[in-house]
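Participant: The task is simple: from the sequences and hints, build the whole structure.
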Amino acid sequence: MNRLADALAPFALIALLLGAWEAACRITGVPAYFLPPPSAVAAAIVQDLPSLAAAAWNTLAVALIALVIASLTAQAVALLVGLSPLIEKAVRPLASTLQVTPVVAIAPLVLIWAGIDHPERAVVALAVLVAFFPIFSGAVTGLKSADPDLERLFDLYGATRLQRVLRLRLPASVPFLLEGHKVGAGLAIIGAVVAEFGAGSGGIRGLAWRILDAGNKLQTAKMIAALVVLAVMGVALHALLDRLERAGLAWWRGR
Amino acid sequence: MTVASLETVEVDYPRRGRALGPFSLSLEAGGITALVGPSGCGKSTALRLLAGLEGPTRGTVQRAAGRGETSVVFQAPTLAPWLTARENVALPLELSGVPRKTARAQAGEALARVGLKGAEDARPAQLSGGMAMRASLARALVTNPRLLLLDEPFAALDEITRRTLADDVLALWRETKPAIVFVTHNVEEACYMADRVVVITRGPGRIAGEVRIDAQLPRPAGFRATDVFRQASEQVSSLLAAGAEMAA
Chain P
1 MNRLADALAP FALIALLLGA WEAACRITGV PAYFLPPPSA VAAAIVQDLP
51 SLAAAAWNTL AVALIALVIA SLTAQAVALL VGLSPLIEKA VRPLASTLQV
101 TPVVAIAPLV LIWAGIDHPE RAVVALAVLV AFFPIFSGAV TGLKSADPDL
151 ERLFDLYGAT RLQRVLRLRL PASVPFLLEG HKVGAGLAII GAVVAEFGAG
201 SGGIRGLAWR ILDAGNKLQT AKMIAALVVL AVMGVALHAL LDRLERAGLA
251 WWRGR
Chain G
1001 MTVASLETVE VDYPRRGRAL GPFSLSLEAG GITALVGPSG CGKSTALRLL
1051 AGLEGPTRGT VQRAAGRGET SVVFQAPTLA PWLTARENVA LPLELSGVPR
1101 KTARAQAGEA LARVGLKGAE DARPAQLSGG MAMRASLARA LVTNPRLLLL
1151 DEPFAALDEI TRRTLADDVL ALWRETKPAI VFVTHNVEEA CYMADRVVVI
1201 TRGPGRIAGE VRIDAQLPRP AGFRATDVFR QASEQVSSLL AAGAEMAA
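Quick mapping for you: the protein sequence lines, in order, are chains P and G.
So in our numbering, spot 188 of the first sequence is number 188, and the numbers just go up one at a time.
So in our numbering, spot 235 of the second sequence is number 1235, and the numbers just go up one at a time.
Rather than coming from a laboratory, the hints here were simulated on the basis of the structure.
Beta carbons: idealized from backbone N, C-alpha and C, even for Gly.
Possibly wrong hints are sitting among the right ones.
Example chain G residues on the side facing chain P (calculated, C-beta under 7 Å, incomplete) [claimed, not checked]:
1) 1053
2) 1074
3) 1078
4) 1081
5) 1082
6) 1092
7) 1095
8) 1123
9) 1125
Facilitator: Structural data, given as structure tokens:
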């Protein structure tokens, strides 16, 4: 009974808020271009479902491509850094500087470099940029996370540097890599959306472009509809990654 | 024959200062030596010197037992969580170039010797504390070491498991007779397992004295009730007390 109540509580709150919103719109008669009622948003979602789904897929595809590229490059660089303390010292400040620079600020520059004919490349590149860091720092931390006593045993048994990386440090870093990929995937979506905004109408016709486009036409219900789809996609992706992380950890630990 | 020795070694750490020494200790083949002393007396440092995991600041370390002939068991089981018990035990062999199949077969035998037959494919998370410690012991024994170093190996276990494991270690010792050095702060455990108990003063560790226990190894049943055991325990305890005063 309690568990049922726990599960229903958030939905009850959402229903309550939507009800209040709907009532407020009807009572005050606020114009729909300013604040459409939830019923109008729902109608917009139903009406535009095929094109919304296509837009969602465009954004998701960019985020997933970016995630793959970010994953490969971040782990490769982390491995180099892990092999040489000197490389780490060289890379760290540069990596931190790039990390704290807002992706919105870099977007116009990347759009120029990608060329006016290929805004989709810029969007992918920007999403890669934001997804890179959590995976990179997860990998760097993970490679150093092995039990110091296990490191001593590898000393004792005269392990080579390669053996140490392949048989100790890489497997020890798995939990950190899983966490890094979870965060990175979430950020890849954000990066893709921000980059779409930056690219404007010429960019990928994803959800952010839908929001911009509807905004320009004052179709507020469509704006909110795109936002709702974006939120649902974010929640679904997060839930999926959470599950993947837990399954991965269970496999790593053997239960 | 001497397996390893420390000759007037001293170990200084950058911030903490002197951790050990001057300290001399010579280990005979097949002997079981207990290093007893208060926490922070440098027992574990002495063990790392004997293992060759660390070098002394001054003095010399002689090691007749080379790489691959020395094994260490730490306070925690220190098993890799992503490997099965068998894979963990096979690791030292595989790292030194033994083919995987042979290594895993020998690992299976080592696990059977410590009483873990049937648990070969379990992961460390599925083992109890005592079982994990046994797997760790199997990993140390799989290379047939001439020198086996145990750093407070039973400290985290309950009393019953400790006693069983102490008997098991002695039984295993009888098979190949490696020189064993184990660190403990438990006087009873030291006198039960060792034929030589070396008492170390409060840090920086020096030798406060040593007690030889001439009784059959492994110990006969009821050894803890004998006069030999009781006298040895008293001697070690008074050396510990004297060691604490020496440092103070």
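Participant: State for each hint whether it applies.
Facilitator: Checked hints:
Nearest Cβ of chain P to the Cβ of residue 1053(G): about 5 Å, under the 7 Å cut. The hint holds. Because the closest C-beta pair between residue 1074(G) and chain P is about 5 Å apart, less than 7 Å, the hint holds. The interface hint given for residue 1078(G) is met, as the beta carbon of that residue sits about 4 Å from the closest beta carbon of chain P, less than 7 Å. The closest approach between the C-beta of residue 1081(G) and any C-beta of chain P is roughly 5 Å, which is under the 7 Å cut-off, so the hint is satisfied.
A cut of 7 Å between beta carbons decides the hint on residue 1082(G): the least distance to chain P is about 5 Å, and the hint holds. Hint status for residue 1092(G) relative to chain P: holds, with the closest Cβ pair at about 5 Å, below 7 Å. For residue 1095(G), the interface hint holds, since its Cβ comes within 7 Å of a Cβ in chain P; the closest pair sits about 4 Å apart. Given the 7 Å rule on beta carbons, the hint for residue 1123(G) holds: about 3 Å separates it from the nearest Cβ of chain P.
With its C-beta approaching chain P no nearer than about 5 Å, residue 1125(G) sits inside the 7 Å limit, and its interface hint holds.
Of the numbered hints listed earlier, not one is contradicted by the structure.
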